[in-house]
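Number of protein chains: 2
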Amino acid sequence: MTPETQRQIVMAERPSGALALRHFKTVVSLIPPRPADAVLLRNIFVSIAPHARAVMQGPTHRPQLVAEELIPSSVIAEVIAGPADGPEPGSVVAATAGWQEYSVVPARAVRPLQKIGRLSHHMGLLGLNGLTAYFGIRKVASVRAGETVVISGAAGGVGHLAGQIARSAGARVVGITSSDEKNRILENQLGYSATVNWKSSSFLDDLHTACRRGADVYFDNVGGPLLEKMLPLIVDRGRIVCCGVTAQYDMDNPLPGPSDLAMQMIAKSLRMEGFLAANHKDSWNEALRELKELHESGQLTVLEDLRDGLASAPTALIEMLAGQNVGQLAVRLAPDPVGWRSE
Amino acid sequence: MTPETQRQIVMAERPSGALALRHFKTVVSLIPPRPADAVLLRNIFVSIAPHARAVMQGPTHRPQLVAEELIPSSVIAEVIAGPADGPEPGSVVAATAGWQEYSVVPARAVRPLQKIGRLSHHMGLLGLNGLTAYFGIRKVASVRAGETVVISGAAGGVGHLAGQIARSAGARVVGITSSDEKNRILENQLGYSATVNWKSSSFLDDLHTACRRGADVYFDNVGGPLLEKMLPLIVDRGRIVCCGVTAQYDMDNPLPGPSDLAMQMIAKSLRMEGFLAANHKDSWNEALRELKELHESGQLTVLEDLRDGLASAPTALIEMLAGQNVGQLAVRLAPDPVGWRSE
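First to last, the protein sequences are chains V and B.
The numbering used here puts the first residue of the first sequence at -19, with every later residue one more than the last.
The numbering used here puts the first residue of the second sequence at -19, with every later residue one more than the last.
For the record, the hints were derived by calculation from the structure and aren't laboratory data.
The structure displayed is predicted, hence computed values, not measured ones.
Don't take every hint at face value.
All copies of an identical chain are treated as equivalent in the list; a pair is satisfied when it fits inside any one copy or across any two copies.
[To be verified] Mimicking DSS-like on lysine-lysine, the simulated pairs with C-alpha atoms at most 30 Å apart in a straight line are:
hint, residue 1, residue 2
1, Lys261, Lys119
2, Lys248, Lys209
3, Lys95, Lys179
4, Lys248, Lys119
5, Lys95, Lys261
6, Lys95, Lys119
7, Lys209, Lys179
8, Lys209, Lys272
9, Lys272, Lys248
10, Lys272, Lys261
One chain only, chain V, in its complex shape:
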């Protein structure tokens, strides 16, 4: 029943400045033959993540994208065919693939999903964003009860989870976003103690008011000039978690970093650390169990923005980079397989 061809979205040209639809192109291509040790997957969800923008700009932990190359993404997919010792046909896995309808990937590179929660949650809460938020707050920042944790990009896929994980550890959480509307959601639905809009003319005053006793942790999802504003507020032995750089992606040239960085780092004995969820693979199962428990016990609300159809992916990414989305953003290509609860 698998067709011979599929639709893929590739990079049309390397973007210069803000991302636009012209930088993408939909192509129809042959689904490649499946090697003996690979699985053929039918993609159910493809992720919309800032990393896609990053590789269009330059190398990350993978090489830079070239024109006509598939936009990479993580996917959730149903196994159509595979080796006898691989995941069973009909089972659902997470994989690194791209914006396309089908994927052929090495069987050992897919991660079978436990049938827990809603399938879409495996794109966010129970996927890389949830794991990133979890390890960033728990392992990198080591957030403790009573601390003040400031989160930039606080309404994003990682941010909205990181804030709630910090709050569940007893921290006071301050969110920074680009709109009052997003801030209302954070305060009313997610239990943030305070929020600040960085586009507001009173931003610096608002930030100081929200952090009267300073900030113990700055969890940075944007990687831009906010760090320089935050530095004076961070207290002795404070931690800066470098988690994302959304503010940098739509730029040809990176912005200068904070002046006075080294002096502040030394005088206050600060630690700044970048990380990837992949660094903590040994603890993924434990983390997923805890994330699920936080959600089921009502301590963690998942915000999702699910779009329909492969063609909606470029617009979704453009809107994400413009800060227009709230929560986990993903594109659905196919309905959930039988057996996944759909509520």
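Please arrange chain B on chain V, whose structure you already have, making use of the hints.
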């Protein structure tokens, strides 16, 4: 026998730009009366340290200096008088005081010196510089055998010790300084594997050549634009130790920080950490024992630049900030007390 007055060097005016002699003034002032819980000290050595320049510019871990205020420094001093339960008269202590002949400080704030090594070594190897180098390499960077450690300000009071401590841990050590002359000393006398002169027109090429397999650790004593040059060379899981900011002191406005910082921190899971030796007070005795052993076993050469007389302190600091000194810089005000070996 203690006189009623003493000479002190104070800040004449807040420097703007490069430090000069006009920013200092020698005054004669009364030695204050000694409170019951304080010691009167006769200073033997006063330190010449970049921190003196930092507090002339702005607050550090202490408030900014105001005009007519004593230049602060650590000192090594002989106890002249003190409370019965304090250090004995005639004993030698380290204290935080300033550029002056006598000091009156709380008895509990002085640190009695063990009579080991040369007294001058307690200004460097067995003082704050040695402890800073030790904890920076051992605890903050956690340098391991086989790693490449790049040190800026590599011929300075902290730098020349940090490089040798890293080498004694089995690391390959690359030094960055501002002169070929200093680099020859590092390579010929201190066992550096390679050195680079940042003033050379071939600096970037030289740096890449010296770090062919990248750098695991960047131990930064200067805090300036070198960090941006180093970032691309630092490998996965690399560490950046923020130890000093000599490059920033002679500036009215701090330089911008490295662009692309957050992206590099995340993609390579880097850790950047600032620290003070004071954070590790519980381990000072252990550290001093090991520093002494490294020196006595010939693994660690101490370079000293000792000047004579209080009046030489301002020039010494100006030269230090201009990168003209090698090793530990200090000013001697009085001969070693009886019982200290003088070789």
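Against the structure, the hints come out as follows:
For the identical chains of this complex, Lys261 and Lys119 are neighbours both inside a copy (13 Å) and across copies (26 Å), given an alpha-carbon limit of 30 Å. Proximity of Lys248 and Lys209 under a CA criterion of 30 Å is satisfied in both settings, with 16 Å inside one chain copy and 24 Å between copies. Proximity of Lys95 and Lys179 under a CA criterion of 30 Å is satisfied in neither setting, with 41 Å inside one chain copy and 61 Å between copies. In this homomeric assembly, Lys248 and Lys119 come within 30 Å of each other (Cα to Cα) both inside a single copy, at 21 Å, and across copies, at 17 Å.
For a Cα distance limit of 30 Å, the shortest separation of Lys95 from Lys261 inside one copy, 19 Å, qualifies, whereas the shortest one across copies, 51 Å, does not. In the homo-oligomer, the alpha carbons of Lys95 and Lys119 lie at most 30 Å apart inside one protomer (26 Å), although the nearest pairing across protomers, at 44 Å, exceeds that limit. When the C-alpha separation of Lys209 and Lys179 is checked against a cutoff of 30 Å, the pair qualifies only within one copy, where the shortest distance is 13 Å, while the shortest distance between copies is 32 Å. In the homo-oligomer, the alpha carbons of Lys209 and Lys272 never lie at most 30 Å apart, since the shortest distance is 35 Å inside one protomer and 43 Å across protomers.
With identical chains, the CA atoms of Lys272 and Lys248 are at most 30 Å apart between copies only, with a shortest distance of 29 Å across copies and 36 Å within one. With identical chains, the CA atoms of Lys272 and Lys261 are at most 30 Å apart within one copy only, with a shortest distance of 17 Å there and 42 Å across copies.
Violated hints for the displayed structure, listed by number in ascending order: 3 and 8.
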